[in-house]
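Letter by letter, the chains look like this.
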Amino acid sequence: MSTTEATEPRAKRIALPRTKREAQAALGPYGRTGKIVGELDERFGIAKGGRTLLDKIFPDHWSFMLGEIALYSFVVLIATGIFLSLYFVPSADQVIYHGPYKPLDGQRVSAAFASTVDLSFSVRSGLLMRQMHHWAANVFVGSIVIHMARIFFTGAFRKPRETNWIIGTTLLIMAILNGFIGYSLPDDLVSGTGLRIAYSILLSIPFVGSYLATFLFGGNFPGTLIIPRFYIIHMLILPAIIAVLIGVHLGLLVRQKHTQFPGRGRTEHNVVGSPMFPTFMAKTTGFLFMVSGALALLGGLAQINPIWQFGSYKADRISYAVQPDWYMGWLDGALRIMPSWEWTGWGHTLPWEVFFPAILFPGLVFNVAFGWPLIERMFTKDNELHNLLDRPRDRPKRTAFGAAFFAMLFVMFLASSTDVLANYFHVSLNVVLWFFRFAVFVVPLLTYAATWKICREMQGVRGIGKRKRALVVTRTASGEYRTEPSAPRPGDERDELQPEPVPVLIELEPGVTVPERTSPVDGAVGAGVRQVKR
Amino acid sequence: MMVAAMGLGGVLSLASGASATTTPSSSSGVGGISSGGGVGAGNFSSGVSLPPGVGSPSYLGGPKNSGGANASVRIYRTVGGKRHLVAYGSSAITYKTPPASYVPLGQALFAQNCSSCHGADAQGSAIAPNLVGVGPATVDFWVSTGRMPAATTNVVQANRKPPRLSPKQALEVAAFVNSLDPAVPYVPYPNLKGANLADGADLFSLNCAACHTITGMGDALALSTFSPSLHAATAQQVAEAIRTGPANMPRFTGNLLDSQLRDVVAYVTESIQHPADPGGSGLGGIGPVAEGFIGLLFGVGGLALICFWIGDRA
Amino acid sequence: MSNTTNEPDGHEGHGGRTPVPMPVARFDDPHMQEAATHPQRTERIIALSFVLGTLAVAGFGAAYWVDGPPWVLAVTFGAGLLLLGFGLTAWGKYLMPQGPFVEERHRLASTADEQDAMSAALVQRTGVVVKRRRMLGGLFAGGAGIFGIVAIFPLLRSLGPVPGNTFDVTNWRRNSLLVDSNGRPVRVDTLQVGGIMTVFPAGAQNTEEGQAVDQTVLIRVSTDDITTQPGRESWGPRGYVAYSKLCTHLGCPVGLYEQQLQLLVCPCHQSMFNVLDGAVPNFGPAPRPLPQLPLKVDSSGHLRAQAGYDQAVGPGFWERTTR
Chain C
1 MSTTEATEPR
11 AKRIALPRTK
21 REAQAALGPY
31 GRTGKIVGEL
41 DERFGIAKGG
51 RTLLDKIFPD
61 HWSFMLGEIA
71 LYSFVVLIAT
81 GIFLSLYFVP
91 SADQVIYHGP
101 YKPLDGQRVS
111 AAFASTVDLS
121 FSVRSGLLMR
131 QMHHWAANVF
141 VGSIVIHMAR
151 IFFTGAFRKP
161 RETNWIIGTT
171 LLIMAILNGF
181 IGYSLPDDLV
191 SGTGLRIAYS
201 ILLSIPFVGS
211 YLATFLFGGN
221 FPGTLIIPRF
231 YIIHMLILPA
241 IIAVLIGVHL
251 GLLVRQKHTQ
261 FPGRGRTEHN
271 VVGSPMFPTF
281 MAKTTGFLFM
291 VSGALALLGG
301 LAQINPIWQF
311 GSYKADRISY
321 AVQPDWYMGW
331 LDGALRIMPS
341 WEWTGWGHTL
351 PWEVFFPAIL
361 FPGLVFNVAF
371 GWPLIERMFT
381 KDNELHNLLD
391 RPRDRPKRTA
401 FGAAFFAMLF
411 VMFLASSTDV
421 LANYFHVSLN
431 VVLWFFRFAV
441 FVVPLLTYAA
451 TWKICREMQG
461 VRGIGKRKRA
471 LVVTRTASGE
481 YRTEPSAPRP
491 GDERDELQPE
501 PVPVLIELEP
511 GVTVPERTSP
521 VDGAVGAGVR
531 QVKR
Chain W
1 MMVAAMGLGG
11 VLSLASGASA
21 TTTPSSSSGV
31 GGISSGGGVG
41 AGNFSSGVSL
51 PPGVGSPSYL
61 GGPKNSGGAN
71 ASVRIYRTVG
81 GKRHLVAYGS
91 SAITYKTPPA
101 SYVPLGQALF
111 AQNCSSCHGA
121 DAQGSAIAPN
131 LVGVGPATVD
141 FWVSTGRMPA
151 ATTNVVQANR
161 KPPRLSPKQA
171 LEVAAFVNSL
181 DPAVPYVPYP
191 NLKGANLADG
201 ADLFSLNCAA
211 CHTITGMGDA
221 LALSTFSPSL
231 HAATAQQVAE
241 AIRTGPANMP
251 RFTGNLLDSQ
261 LRDVVAYVTE
271 SIQHPADPGG
281 SGLGGIGPVA
291 EGFIGLLFGV
301 GGLALICFWI
311 GDRA
Chain Z
1 MSNTTNEPDG
11 HEGHGGRTPV
21 PMPVARFDDP
31 HMQEAATHPQ
41 RTERIIALSF
51 VLGTLAVAGF
61 GAAYWVDGPP
71 WVLAVTFGAG
81 LLLLGFGLTA
91 WGKYLMPQGP
101 FVEERHRLAS
111 TADEQDAMSA
121 ALVQRTGVVV
131 KRRRMLGGLF
141 AGGAGIFGIV
151 AIFPLLRSLG
161 PVPGNTFDVT
171 NWRRNSLLVD
181 SNGRPVRVDT
191 LQVGGIMTVF
201 PAGAQNTEEG
211 QAVDQTVLIR
221 VSTDDITTQP
231 GRESWGPRGY
241 VAYSKLCTHL
251 GCPVGLYEQQ
261 LQLLVCPCHQ
271 SMFNVLDGAV
281 PNFGPAPRPL
291 PQLPLKVDSS
301 GHLRAQAGYD
311 QAVGPGFWER
321 TTR
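Sequences listed follow chains C, W and Z, in order.
1 is the number of the first residue of the first sequence in my numbering; add one for each residue after it.
1 is the number of the first residue of the second sequence in my numbering; add one for each residue after it.
1 is the number of the first residue of the third sequence in my numbering; add one for each residue after it.
Just so you know, these hints were derived from the structure itself, not from any lab.
Some hints could be false.
[To be verified] Straight-line distance between alpha carbons at most 30 Å, and here's what the computed DSS-like set of lysine-lysine pairs gives:
#	chain 1	residue 1	chain 2	residue 2
1	C	Lys102	W	Lys193
2	W	Lys193	W	Lys64
3	C	Lys381	C	Lys397
4	W	Lys64	C	Lys102
5	W	Lys64	Z	Lys296
[Unchecked claim] Partial selection, computed: residues in chain Z whose CB lies under 10 Å from chain W:
#	residue
6	Gly92
7	Asn182
8	Gly195
9	Leu256
10	Tyr257
11	Leu263
12	Phe283
C-beta atoms are modelled at their ideal positions from N, C-alpha and C, and glycine is treated no differently.
Given these sequences and hints, build the entire structure.
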């Protein structure tokens, strides 16, 4: 071969192969994959960073996957949403519905409603997509909530991850808003009632309320502008913001690396778990399929939002037993239990019975949520970096506060179904409402006390909740007793291994780390193929 | 006995749509009908005080074909020189009074099942209202749905339960009570052929959904009262309830034409009672509360369980 | 495993970059072993899962082809995805190396010198610029601030009209004829005692605005004239009372009437209004009575309004004055 090759790129030095074997060998020890890596690396410089990415370690605890439920529900939302957007007509113009559903045939309905009914009855797989979309929205918000709960109870929001916590809380608010706007799009009787309530809530804001309401709706309720405006907000503006925020959220996660629970070999300065490729990618891709599958099953087996039964929204009619979707339920419950304290004076009215439960109270809740890292730092005076998580029982006050907070929100959610509960348990509606007026204070206090106590109790017990190794008692012939731990159960040994760095090269057989080159096409390249372990 | 005396001047055909004597003007002499039309709320000790003068105005007037005797078709029978209105209505609904032969049977049943609370002469007592002048439709509704005889007097409202009397027996009791002081409305027989379901749906959402919910599931109302589920009612019972306004339910008379009532009845018996649930399980027709539970329990909970399987424990 | 530095092709420098340590694992290292206790059986289960999943997904295609009902589409699609996903996840969990592997966290923060350099760049360069031209900075800041405020105008004001008196007025006037939702006028014998209907001023029953704002419930509580509040002696002829249907809490239509309890119950949050005393709320969150429409019977027996509502209907808002 020529002698000037040492300075030229390697690829040029390979002579044209004459046989298939030579062609295979000419690709190098890693075959076609190696060639592709080489080509991409020459253009984008991906080899070094890419390898780091492949070695990325993900801690394996099950509760770290809750955020993935949210992420993959969002993927399903986008996919099904694109389908829906090809059929939905975002217009409040009145049309006459004609279609297979007889109780609507010939009725004057809005175009938005008619297009949604058409999608449900007359488009193949339309109803499945619509219901998958709605279930995915419910699961999206629900999984964000339990994911936030996990972050809260394990203290993963502490420095350096406060920003991610704030982004996450913002994502929660966006998700809730987008869900509300989304199910209001079909303009049916049930969601239209919710819109009327939303309009009145805007009205209740002092000074600017009536302006905000008429600005957003284009006049008095309902107007014809709100449906097309909501459509754009729901399918363009908010999803774009959510997608960008998710990107930043995940980007921060990659940069700061995931937190982990304390354990064998785990310190503040490392991450222990399974590697990105192939293990984590397999598990997470499989999980994406499973989330989609679960949502598909829900989407066809459990009917959700059957708007044809409700009819198109008309402002002078209403159904009883109307609740918003569950993630707005806590606001509806707050509105129900609030006493009717309206302030009037000096030519103005301040409807506290609306303004407080619907504006101030959620504002307070979300401000506490946003500010929690700061609030906790005020109490703990802890300015350290934390990459190891707390066990909830190790922070009894935080855990108890979080439990009480959730208890309050849950009681509010139940309070939105006072009539359903009164009907189911056959109790007077008035009694049920008074019960909730007290429960919303009493239950969180009791929850705080009980949770705090449970945490303290659990702290005192070593190894609580863990599977312990049995002690084998041996008696010698001379009557001496010894105890030693029994052998670990199958599968438990892995928990006792010391973590190792991800290997780059794996011995395929003893002493061999690189596949053998079958014929040295290029003598200069082919040196040192077999690795001998030193 | 009355059946045997059909004859002079009386056209008796109780089949709906049969030819009959039509008397268009609203002030024709209709003998023997008193101004009844609903439960005398003032007699019942419901704990609510009513202003004086509350009663039930006459059904005889009112808009035409609105369930009152001012209908396009009226059928009379003359007995002993007196003209009795035995049926009225339109092609949508016919209202008939039970045959006179039912009266003695009804009297016996009433004595056995009802007189202990309502009194032997149906005048009422401290625990039961006066039934004189309520009309046969009211009685037939309460008895055929099983609400009466009441199981106990200690409740705020009597609810549907397996009826103790058969449908025919219910009509017999209605005949007896009506004989004490005949009143309208008579027992409705809706003719659902030609009903317009879309109009029925529209009327249902305007008039009925606010109490019974848009899916007809019923729900809790104020002070231990409940709107019942509509899924067990027959077409006749739906029409009876709407025209007579039992218990706390309002009464729809002149504001609902017979054709509109027929549409609502058809909508209830067809669409409400056989809901179109192509999307899977209807989740009880409860709405977002049930959907929230399912979504959180099975959706999020199920997926969290899968996470539990995939991942490690600490 | 050992941390040997290897150069697979023996080249030096490797294009000018320094070689990195490449950890090598032995083939029988427990970190590289499968987690499954019975790998063969696991592999068979996963294979079965893939096969069934593929069949199910193909079944979805078939069901779609013949326009099957939604539940068939969902079961095939969902089960297929679940099975495929389960197989892939199980493969990752049981048959791939679990480790545990460790990765070092590099210190996120830069060195103190680097931090100082950054801060110095910001502070000193700004100081150089602004100290010399202090006025410019202030002017620009002021302009940017004004721009920020003004930029919001199109986002808000262009959206819609100012409220004006839109919340204070309805279409009810003196002598407005009461009609139902089909436009039929209400006569004095339309309702019996215990009856309720929704009424509008003639002409407004078909308009969206009319339905939203003018909606009124008409209830007959008696055959005699009824006075709900002092000063309203003529408002309830022949036992008819009319109230605005818009709940004073949040504007839901108050269509739920219980004739024995004489209560109007709002279906949204269960405010309860007493029909006989002017719809005063006696339970629930509603703060004010429903405004009452004064009625009269005209010479042809039709019901008409004596005048419009004497106050704004519906929920409260800042500019609402009590009269």
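Tell me, which hint numbers fail for this structure? none
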